[in-house]
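Kindly generate the complete structure, drawing on both the sequences and the hints.
Numbering (my numbering), first residue to last: 1 to 190.
Some hints could be false.
Once the Cα atoms are required to be at most 25 Å apart in a straight line, the calculated DMTMM-like pairs of lysine to aspartate or glutamate come out as [what the hints assert, rightly or not]: (1) Lys2 with Asp29; (2) Lys78 with Asp29; (3) Lys165 with Asp29.
Now the in silico label distances, taken between C-beta atoms and shown as ranges [stated by the list, open to error]: (4) Lys76 with Asn178: 20 to 26 Å; (5) Glu156 with Arg71: 25 to 31 Å; (6) Phe188 with Ser18: 15 to 21 Å; (7) Arg160 with Asn46: 33 to 39 Å; (8) Arg39 with Val189: 34 to 40 Å.
Hints are computed from structural coordinates only; laboratory data are not their basis.
Note that the Cβ used here is the ideal one computed from N, Cα and C, for glycine as well.
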Amino acid sequence: MKIAITGASSTGKTVLMSDIVSALCSYDDQFSAEYIDVRAIADRMNVKDAVKHSQSNLLDFQTEIYSEKYRHEFGKTKYVTDRSYLDLAAYYAIRESELGKVSASYVESCILMARSFDLHIHLPFGRLAFEEDGYRPSNVGFNIDIDCYIKSKLAELSLRHLTIKTPDRSFSVSMVLNELRSFNPSFFVR
Numbered sequence: 001m002k003i004a005i006t007g008a009s010s011t012g013k014t015v016l017m018s019d020i021v022s023a024l025c026s027y028d029d030q031f032s033a034e035y036i037d038v039r040a041i042a043d044r045m046n047v048k049d050a051v052k053h054s055q056s057n058l059l060d061f062q063t064e065i066y067s068e069k070y071r072h073e074f075g076k077t078k079y080v081t082d083r084s085y086l087d088l089a090a091y092y093a094i095r096e097s098e099l100g101k102v103s104a105s106y107v108e109s110c111i112l113m114a115r116s117f118d119l120h121i122h123l124p125f126g127r128l129a130f131e132e133d134g135y136r137p138s139n140v141g142f143n144i145d146i147d148c149y150i151k152s153k154l155a156e157l158s159l160r161h162l163t164i165k166t167p168d169r170s171f172s173v174s175m176v177l178n179e180l181r182s183f184n185p186s187f188f189v190r
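So this is what it looks like as structure tokens:
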């Protein structure tokens with residue numbers, strides 16, 4: 001079972017991923033958290049502050065995230081990831097549209113990969129108060145555009161998804177477990 005948490009910056013994806021993996025490991029200890037350290041990639045590529053860099057550099061950054069994510073997750077079947085391929089498609093498409101072009105191949109590849117997940121958990125922008133950390137894009141309009149793109153793709157592609165608006169961590173995990181039980185009850189049989 002592959003689960004992707006999707007959403008704009010500062011919506012609680014990484015924390016929820018850890019909470020979900022902890023809960024799922026009580027049923028199957030082979031479940032893992034697949035975390036891509038985007039901040040380390042930003043540091044390595046010297047694109048920490050998005051405001052100071054060209055859109056072209058940021059598109060290269062998105063491409064590197066995709067490559068690392070693909071290498072890291074390849075062949076695995078039991079995991080939760082805190083950065084979905086829909087996130088990557090959204091950031092790339094929005095940044096490219098600001099340049100006046102759109103590279104369909106990158107976005108299509110992201111969408112193809114997104115289709116391989118059993119469940120997407122959407123955390124809408126504004127679910128938590130935005131926390132500036134020097135890495136996250138702090139432009140509210142940009143984050144809203146990312147969130148709208150993700151929501152539209154979830155619907156357009158008919159991907160199984162669950163939107164969680166509550167910031168309550170334990171209730172969020174309960175919502176996820178209930179959703180998983182609805183389409184994969186055998187997972188919960190010990």
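A quick look at each hint next to the structure:
1. A distance of roughly 14 Å separates the Cα atoms of Lys2 and Asp29; the hinted pair therefore holds under the 25 Å criterion.
2. With a CA separation close to 10 Å, the supplied pair Lys78 and Asp29 stays within the 25 Å bound.
3. For the given pair, Lys165 sits about 28 Å from Asp29 by alpha-carbon distance, which is inconsistent with the 25 Å threshold.
4. Distance hint check for Lys76 and Asn178: the Cβ-Cβ separation is about 24 Å, which falls inside the suggested range of 20 to 26 Å.
5. Evaluation of the 25 to 31 Å hint for Glu156 and Arg71 yields a pass: the beta carbon distance comes to about 28 Å.
6. For the pair Phe188 and Ser18, the supplied restraint of 15 to 21 Å holds, since their beta-carbon distance comes to about 20 Å.
7. About 38 Å separates the C-beta atoms of Arg160 and Asn46, a value consistent with the hinted range of 33 to 39 Å.
8. Between Arg39 and Val189 the beta carbons are some 39 Å apart, a value that agrees with the proposed interval 34 to 40 Å.
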